[in-house]
Amino acid sequence: MDKPLKPGISAIQQNRQLCRICDTDCSITGNATYCPHCGSPISPRIKNSQQKTWALLFTAIVFIFPANLYPITYLLKNNTLYPDTIFSGILSLLDSDMPAIAFIVFIASILVPILKILALTFISFAVHFQWQLNPKKQLIAFSIVEWIGRWSILDLFVISIMVAVFDKGNLLSVYPGIAATSFTVVVVTTLFAAESFDTRLIWDANIDAK
Amino acid sequence: MQNNPSSETVITKSHSISPIWFLPFIAAILGAWILFQNITHKNEHITIHFSNADSIIVDKTKIRYKGVIVGTVKKIELDEVDGVNVFAEIESHATFLLKEKSQFWLVSPKASLTSISGLDTLFSGSYINLLPGEGEAATTFEATTEQPEIIPDNALLINLKSNNAASINIGTPIFFKKIQVGEIVRVRLDKSGKFVNIQAFIESKYSHLIKKESQFWNISGLNANISRSGVDIKLDSLTSLIAGGITFSSPDSDTPPVKDQQFNLFENIDESKQGLQITLKLTNTDNLPNGAGILFKGHGIGRINHIRYDTDSQLFIAQATINPAFSEMVTENAQFWIEKASISFSKIENLSNLITGDYVGFSYSENYKQEKQKTEFVLNNNQLPSQEYASITLIADNANGLTAGASVTYKGLKIGNITSLTLTKDSKHIKAMLNINKQFSYLINKNSKFHLLSGVNFKASLQGIEVNSKPLKNILLGGIALYNKYPPTKKNSKTPLKTNQLFHLYASKEMAKLGKNVFTAPLKVSLLSKELPSVSVGSPVYYHKLKVGEVSDLTLHDSGLMQTSLEVSAQFKHLITNKTVFWNISGFQVDAGLSGVKVNAESLLSIAAGGIALELAPSVKGNVTSQGQYRLFDSYQQATIPPKQLTLTYDNAFDLKVGNKVKLKGLDIGEISNLTLNKHNKIDVTLDIDAKYFAKVAKKGSRFWIVRSDISLSGAKNLSTLISGVFINVSPGTGNALTKFTGESHEPLLAQNKTGLPITLLADNAGSTDISSPVYYRQIQIGEVINKRLNSDASGVEIELNIYPEYAYLIRSNSVFWPASGFNLDVGITGAALKATSLTSLIKGGINMSTPDDEKLQPASKAFASFELQSESKNSWLKWKLKIPKSN
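Chains A and B supply the protein sequences, listed in that same order. Numbering-wise (this note's numbering), the first sequence opens with residue 132 and increments by one. Numbering-wise (this note's numbering), the second sequence opens with residue 24 and increments by one.
Pulled out of the complex, with its shape left as it was, chain A reads as follows (with noise of 0.2 Å):
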């Protein structure tokens, strides 16, 4: 039962399955539904893998334009509100002289939310269509994404601390716009994506194309 795995085959071909909670391995005949090690329930793949991550990107993919056109935060100053978007931010900054800041928050806010989205969605579809891809570079890219991912929740971060700082009524305030809550799905749905997509299927698809 507890005979070594081959390196070079899935497990799954292997009727080995793992648990995610405990980190062992179980054959998957025996243990279908329930981890004989640590009883948190198990399956060879994450269950509906493909559909969740789908359905997330789908989500961040339609939240992605609101947060990115619309304001993400309004600056009443004296009276007056001066709404700004993530790009037109980036762009006082610049005209701060402050390029550095304002490439961070380029990355950050908008860069890392469009490449983690296509490279998702990239991966995603390579899954689906079972592309003929070298699978680690594919895994290299998706543990890039999710690391990087969750850098994108500073924004909101600032934002929050921003709101509860500066405010002094009409003199000086500051108050999250649409794309504040945008961002935030795009955010969460990216990161619940990636959560949700298993990267064993990335092998299995190769696998399954052979």
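None of these hints come from the bench; they were simulated from the model. Heads up, the beta-carbon is just placed ideally off N, CA and C, and yes, glycines get one too.
In silico contact screen, one side only, chain A against chain B (beta carbon under 10 Å); selected entries:
id	residue
1	K183
2	W185
3	A186
4	F189
5	V193
6	Y213
7	V316
8	T320
9	F323
Pairs of lysine-lysine, DSS-like flavour, derived with a Cα cap of 30 Å:
id	chain 1	residue 1	chain 2	residue 2
10	A	K208	B	K97
11	B	K89	A	K208
12	B	K65	A	K208
13	B	K122	B	K89
14	B	K461	B	K532
15	A	K299	B	K83
Knowing the structure of chain A, use the given hints to seat chain B on it.
Same frame as chain A, but now just chain B:
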């Protein structure tokens, strides 16, 4: 591997749809809705043409309507022709506002006297305001330069006509009973250019107040009511003070205004009213404004309507309206005058006139009821004295310290003032008219005196400085005070003043006390002197240190002498007789000697300005010249007891100078008055000898010599002459009177009391003996060498000694003499002995004398006896101890 069918891998394909799909579904709906919104609510792009784009910022400047942001400026471009085109995006919900007649204008902070608007734009930046209009939808607009006047709904529009737009502006409020009921919205010049058309609105709730008969007039901001008790200023409102204002009457009639009725806007409330029209003539208008008020005791009774210039009479003609209630007072003897603002150091009067312009004062004649009415008056510059004043005329030498309006005081209490200052007919004096308040007129009687209140009395003396000042007002304005020697009371002042009595103005209270003498011409006295005294015009003339006059002139007299003219005050005239002597007391005398410096001065003033003193000297002679001029003496002494003169003849003037003293036994008895070269080429020194010593010294046998400082090894003599100068010493003689002497340059050797026993020494040579070498007896000087000469056959030397009288008895017929000069050096086996008589004798030489004690006392030597001068002394001589009785 077990072959267990049950454990076969079963791959079941799941076709169930995950509930997660709900999320994108919602997202899709939301996205679609946003898209729909964006498409349907498309922002309108418009273009507004501005003359310039001051304070319009792309993406920042908003467009507002009623405070709501309806758009944002997106782009600014220069217009090809003129100005700038501002491209703006109007939000979809506000696009209905964009009509052909819609107006746009830039709101920026604007502060005017009446209002501050757009203050919020100071912080938020300017914005463009939108006022929707009518017409077709449009996207291109022309910005208006000013904020269009917003007329409230249903407001009544009225038209006013005025001659000018003085203090009327857009926004000028219209008041009714001091409540603002409307506002001016437009001020336009009439097409003819003669009138100003003013459009205003009255708020609908007040519109019923406007009647057909309503009259509108301008309420000038400030309504000043000026009276003697003060200034009463009424303001309709602060706004109307600054921005002006209009008010109107609302008669009790029911006739509403005719449509498009044009109302006349009057300059003021009085203009429309009926009253007595009078004409005032004035030479110049000064600050008299059109519409100046006519005030009677502070109460407005009329107003000047307009002023024009009449070229024929060259006068300004002012048309005025008098309130009907007062018109009966305007009779023949009524007065009109201009009340002016007056600001001086002493008072501020009618200050408000500076703002409102002067006004016209009015006073009526007391019996106006019997007089005829008059409508033409001459406007005076000042109020003429009314009967409440007693008028007094003063005569003054000059107008210094006098100002029209300056007060007249009595013991510091103001009792009147100066009304005018003029020259008298002969132009020699100043005539000052005084008005004395009736209640104080009893103070004036014919003995009253008026004097100037000079501002500051400044007395400086060595004891200090005393400043005595009158109130500041008098310092600045001057003034006149009344002085009565015997203070009158109300009861005893029955004697009325003669109306034409003239009073003199005294320069000071002291003068006033002295009385009229002050005004009699001072007595002029001329003094003659060789040199001008160091006085200047105005220097004082003293009598016993009392100032009795002053120097009036300094000239050269025909005789070549200098003439000093004095003016002696009239009251001291009696001091000038033919017995009067004058002398100069200018400056100060310094008597400096080794004992100290003595300064003697008459007064501080005489030091500074010089001065002349006078005195009555009964015994004086020669003080008046034949022409009646007086001689100016150098001192009183010189004047009273003139010194007598004697003459010394010198070969050489040495250090002698005019002024050097002549002394007798240390007492000053005169001085050198002149030094001249006589025909024998000698110096004649004229001495002025004090009269009382003259007899003593002007005798034959008197000797005069010069005493000067003498510093030699044997001592310093007369060091004081180093400072005080040399002097001439006199040794009085006993012979007959004589006035010519030969002066000696040195002290005579047989001077004074030292004349004694002359004896002669015979010696081989004179040795170191010299004239004035001392003769010692026991180291005490008992005489001196007075001469030395070769004897008749030149075989020896004769030395003449003079033994002082008190020591003459010491010389006996057997006395021995030996030279004491030098020193005696004895060198022997036992050593060396140095003998010297004294340091003086060491240098100056000298002669020792002794008398042997081993012989009988010989009789005293006779005069001119001869002795042998021993060449050397013997030691034994020094040990002689002869007792010589003083008297035998």
